[in-house]
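Visitor: Each chain is listed here by its residues.
Protein chains: 2
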Amino acid sequence: MEEKVLQQKVREVLKKIKSIIKIPVGISNHHIHLTESDYKKLFPNEEIKIKRELNQPGEFASEQTVTIKGTKGKIERVRILGPFRAHSQVELSLTDTRKLGIKVPIRLSGNLTNTPGIDLESKYGSLHLDDGVIVAKRHIHMSEEEAALLGVKKGDTVSVLVNSDERSVVFNDVEIRPGKKFKLEMHLDTDEANAGNISRESFGKIID
Amino acid sequence: MEEKVLQQKVREVLKKIKSIIKIPVGISNHHIHLTESDYKKLFPNEEIKIKRELNQPGEFASEQTVTIKGTKGKIERVRILGPFRAHSQVELSLTDTRKLGIKVPIRLSGNLTNTPGIDLESKYGSLHLDDGVIVAKRHIHMSEEEAALLGVKKGDTVSVLVNSDERSVVFNDVEIRPGKKFKLEMHLDTDEANAGNISRESFGKIID
Numbered sequence: 001m002e003e004k005v006l007q008q009k010v011r012e013v014l015k016k017i018k019s020i021i022k023i024p025v026g027i028s029n030h031h032i033h034l035t036e037s038d039y040k041k042l043f044p045n046e047e048i049k050i051k052r053e054l055n056q057p058g059e060f061a062s063e064q065t066v067t068i069k070g071t072k073g074k075i076e077r078v079r080i081l082g083p084f085r086a087h088s089q090v091e092l093s094l095t096d097t098r099k100l101g102i103k104v105p106i107r108l109s110g111n112l113t114n115t116p117g118i119d120l121e122s123k124y125g126s127l128h129l130d131d132g133v134i135v136a137k138r139h140i141h142m143s144e145e146e147a148a149l150l151g152v153k154k155g156d157t158v159s160v161l162v163n164s165d166e167r168s169v170v171f172n173d174v175e176i177r178p179g180k181k182f183k184l185e186m187h188l189d190t191d192e193a194n195a196g197n198i199s200r201e202s203f204g205k206i207i208d
Numbered sequence: 001m002e003e004k005v006l007q008q009k010v011r012e013v014l015k016k017i018k019s020i021i022k023i024p025v026g027i028s029n030h031h032i033h034l035t036e037s038d039y040k041k042l043f044p045n046e047e048i049k050i051k052r053e054l055n056q057p058g059e060f061a062s063e064q065t066v067t068i069k070g071t072k073g074k075i076e077r078v079r080i081l082g083p084f085r086a087h088s089q090v091e092l093s094l095t096d097t098r099k100l101g102i103k104v105p106i107r108l109s110g111n112l113t114n115t116p117g118i119d120l121e122s123k124y125g126s127l128h129l130d131d132g133v134i135v136a137k138r139h140i141h142m143s144e145e146e147a148a149l150l151g152v153k154k155g156d157t158v159s160v161l162v163n164s165d166e167r168s169v170v171f172n173d174v175e176i177r178p179g180k181k182f183k184l185e186m187h188l189d190t191d192e193a194n195a196g197n198i199s200r201e202s203f204g205k206i207i208d
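Same order as they appear, the protein sequences are chains A and B.
So for the first sequence, my numbering puts the first residue at 1; every next one is plus one.
So for the second sequence, my numbering puts the first residue at 1; every next one is plus one.
Okay, chain A solo, but in the shape it has when bound:
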């Protein structure tokens, strides 16, 4: 077979694979990642306690929650996720940012340059973060093998159809985040899930 014909065949097979693979959907409510040092300022005499393991290996929701205070309003019982990170990060929905009265950019986790700060309050004390507040950009976690199989790489964006009753949606601008430890899962926030009437049983299909 000619190389050109072979390449064409490979593209066809990749397209077929993309359209077959069901991508589980994870819905992220607002949450906070903290450095160990920031955690200790909010909970000086309380160890972080695992409430529930999350789908991505090693990640967990803790028993600890804080109040986020904006200029216009506050949000109570925002959960701290673990393990501790190298930089504290607060992930909100756009609905949340309007309630708080703050302007927040849409960013991939970890991309915190020029992001706004916020005030956090626990039952023991308070903490001002100078930056680290984002609205999470939608993305798909996958292993490096899955990325190779799907013919996508880190930083690519794809379009994902999620079918539902009354509110089917195609999400464009879904960024690919492959990693050695990652399990296949598309992360949406609560606004995105609600716009698509999406539940934890929903799944997506890459259509482009």
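One thing to keep in mind: the hints can contain errors.
Same chains, same label: a pair holds when it works inside one copy or across any pair of copies.
[Claimed, not checked] The list that follows gives simulated cross-link-like pairs (lysine to aspartate or glutamate, DMTMM-like), each with its CA atoms no further than 25 Å apart:
1) Lys51 with Asp38
2) Lys154 with Glu185
3) Lys99 with Asp165
4) Lys153 with Glu166
Everything labelled a hint here was simulated from the structure, so no lab data went into it.
Once you have looked at the hints, place chain B on chain A.
Guide: Using the frame of chain A, we list chain B on its own:
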């Protein structure tokens, strides 16, 4: 020209028109429509006062607001829209329904069979509605001439692309609502607008 060829040409022209016409986007925050009788129970000695005309002719946001009370939480300062209607109706986002702790179906405005009720509270008194709470199904208002031009009719559903920074979305299941007095406008709720990073300057294009 043969009739078949002519029909094909017409279809092509209609498809072209659809792809050219820019559909303005209206973003609906949670709001309430009341019967005159229900209004008077909440505001016995206060005339409804226009705060702002809305885009659809005759519709207005009033100065009056109430608190909605659910089993889990409440939402304050929910605006009453006018004019009065034949049946009271409360329109919430799915984010709101989770905050209130109630289960609400996605329905077109006016389609209130088997919808849940809710408690409303003004500064003067309170009122229990037996039904009428919905999450609005997304839809496009248009004149009957615009519907004819676009080759769509009442009850059809279309797919609409809304481009934006970081969060472009194709909304499927957008229902067509033609009417003599309607102006061309797609109505989304705050969850849908936030999922697409959509502002009041955004517009949609029918792609299917």
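Visitor: Are the hints correct? Go through all of them and say.
Guide: How the hints compare with the structure:
1. Lys51 with Asp38: Answer is within; shortest intra-copy Cα gap is 20 Å, inter-copy 45 Å.
2. Lys154 with Glu185: Result: close within a single copy only, 15 Å intra versus 38 Å inter.
3. Lys99 with Asp165: between (28 Å within a copy, 21 Å between copies)
4. Lys153 with Glu166: Intra 33 Å, inter 18 Å, cutoff 25 Å: inter-copy only.
Violated hints: none; the structure is consistent with every hint.
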